[in-house]
Amino acid sequence: MSTVATGLSAIDRLDRLARLDTAVHRVDPRAKVITTAVFVVCVVSHGKYDLLGLLPFAVFPVVLATEGGLPLGFLGRLLLMASPFALIMGVFNPLFDQEVVAHVGSVAVTGGWLSYASIILRFLLTVAAALVLTATTSFAGICLALEKLKVPDVFVTQLLLLYRYIFVLGDEAGRMAQARRLRSFGSRGMGWRVYGQMLGQLLLRTFARAQRIYLAMKCRGFDGEIRLARTLRFRAADLAFTLLWSAAFIAFRLVDVPLALGRLITGLTG
Amino acid sequence: MSHHTISVRDLGFAYPDGTQALDGVSFEAGHGEAIAVVGANGAGKSTLLLHLNGLLTPQRGSVDIGGIPVTKGTLPEIRRTVGMVFQDPDDQLFMPTVAEDVGFGPLNLGLSPEGVAARVAAALARVGAEHLAERPPYRLSGGEKRAVAIATVLAMEPNVLVMDEPSSGLDPRARRRLLGLLQGFEHTRIVATHDLDLAAELCPRTIVMGGGRVLADRPTVDVFRDDELLERASLERPLGMLACPICGCSGDGPRSD
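For the protein sequence lines, the chains are A and B, in the order given. Numbering-wise, this note's numbering puts 95 at position 95 of the first sequence, and it's gapless, one number per residue. Numbering-wise, this note's numbering puts 12 at position 12 of the second sequence, and it's gapless, one number per residue.
Read the hints as simulated data drawn from the structure, not as lab findings. You may find that some hints are simply not true.
[As the list claims (entries may be wrong)] Incomplete in silico selection of chain A near chain B, CB under 7 Å:
hint, residue
1, A208
2, R212
3, G221
4, R227
The beta-carbon is built from N, C-alpha and C at its ideal position, and this holds for glycine as well.
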């Protein structure tokens, strides 16, 4: 299977997981979207060299994933698939920042390595939270929440259509790649040049399809706004979910929990 | 006045690149008629269809639906009256679930949530796709996608159905089911197709197009017996009207010789 197909089947599986029925799935999409947003802001706004202070945040994705009955192995694989981005993004930190900031036993730890580790941890936390959100809410549910939260229609429409047509586009790209492979007989086809042309082709096809979709939408009275008939009910439990988790994140952000725990324990024993 | 009639007079249209796609097309369609539009690739079929609900506006001549001329001002009315089923159902099914897609048109018409739900249920039941309501469109089979695409149009309760290649990409059983469905409709139907057997079974009347003009507008049986006309339009007799290659039986009835 090609990488594109693997990626698409993963998205497909996320969507099917979103149709499970657990306590986490039943939480109002708006509550989950807001909570995840608070989570991301709190994680990202941590200091450059913070590492231990980030650890408590792992509670959120782990608890939601287990309570939501999500297969942890599958989520882990998705995290790995997305991780090269973060690994490359911070790769120069250890080179540029060589100041020693701590010692673990006899090993000196430089600021660069610490900030690199912090970047990776932040990446893992935020992406895991986003994956858990998608797998317990469904992409359409997230779009609905965004619409009800008064995010401008343009963005919601874009997201909805992006999600709908990523499969069609992926299939099309897959068929083109296959057609090239079938006639390149194990060699590299005509080299990299041909990929540029294929991308151009794909773009032109996308334009043509976008035009046809727009016509089909106009035929059914589209006036720039996609109306969704689903209704949502924000219950007291949803409010509690949002407030409690958000309060926890803000506490994690303001108080260094591992440090406080350490002090507590040493204080007790000492 | 009946909304089910179509009147096309001296319709002409050229694309920006200069291609004269339609050149003086005229025809009338009465209440409840089923008309096939056949012709070679590039004969102007699709361009004609796009005029029937105002996706293209006439450069010359006029199009009237139920006595209302197609102009910018009448577009909402025209699009409620004329339902269009596109060739590729993927272009037509753009919402996250089948039910939401079928409800898209009625919601835009400003119906209440209950009204929309009733329309969705009725349209899906009409095409036998109730069980697909909560499925995302990308995971349907070709035949299911086609049925749902038709339901999205039926939910608008149009009087005229315009279809572009409704049987393309369907397996024989799905095609047969579609044929049965279309035969059961009381709408005025305009079907552009290369599936000449479908045309022969579904439509008593056929319009043959070539080079942007109407080459013939006659009963379907006559059209498909006129070999000279078919040759001129780059068409062939439908398989159902050809002599059987194995036993030699003629599609026109028992052989006389």
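Do the hints match the structure? See the list:
Annotation: A208 (chain A) was flagged as interfacial toward chain B, and the flag is violated, the nearest CB pair being 10 Å apart, outside 7 Å. Hint status for R212 (chain A) relative to chain B: holds, with the closest Cβ pair at about 4 Å, below 7 Å. With 7 Å as the threshold, the beta carbon of G221 (chain A) comes within range of chain B, its nearest partner Cβ sitting at about 3 Å, so the hint holds. With its C-beta approaching chain B no nearer than about 4 Å, R227 (chain A) sits inside the 7 Å limit, and its interface hint holds.
In summary, the one numbered hint that this structure violates is 1.
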